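Student: Sequence:
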Amino acid sequence: MLITVERVAATVGWALIGVLLLYAAIRLFDAVDPINYQTEIRQGNIAAGVVVAALIIATAAIIISVIVT
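Its first residue numbered -1, the sequence shown is counted upward by one per residue in our numbering.
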């Protein structure tokens, strides 16, 4: 039972770290890129949404590979 609790705690911890890293990567991208993607998406710019979605997917893939290895 104790091993299961430890594994659940470790999983939750790694998930939290992954979410924080993803959030930090998105904020860093917003700071570096001169385009305000939030405004563009609110105005209906689908291409801006695709760029942000691609950033999130690519960053998540990198974070997952780092956590797994």
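In short, the hints are calculated from the structure, not lab data.
Since we're looking at a predicted model, the values are computed, not measured.
Misleading hints may appear alongside valid ones.
Have a look at the derived ranges for each label pair, beta carbon to beta carbon [unchecked claim]:
(1) 22 / -1: 19 to 25 angstroms
(2) 38 / 14: 25 to 31 angstroms
(3) 66 / 1: 18 to 24 angstroms
No residue lacks a Cβ here, since even glycine has one placed at the ideal position from N, Cα and C.
Student: Now, for every hint given, state plainly whether the structure supports it.
Tutor: Okay, the hints, checked on the actual structure:
no.: 1; hint: 22 / -1: 19 to 25 angstroms; in the structure: 35 angstroms, violated
no.: 2; hint: 38 / 14: 25 to 31 angstroms; in the structure: 30 angstroms, holds
no.: 3; hint: 66 / 1: 18 to 24 angstroms; in the structure: 20 angstroms, holds
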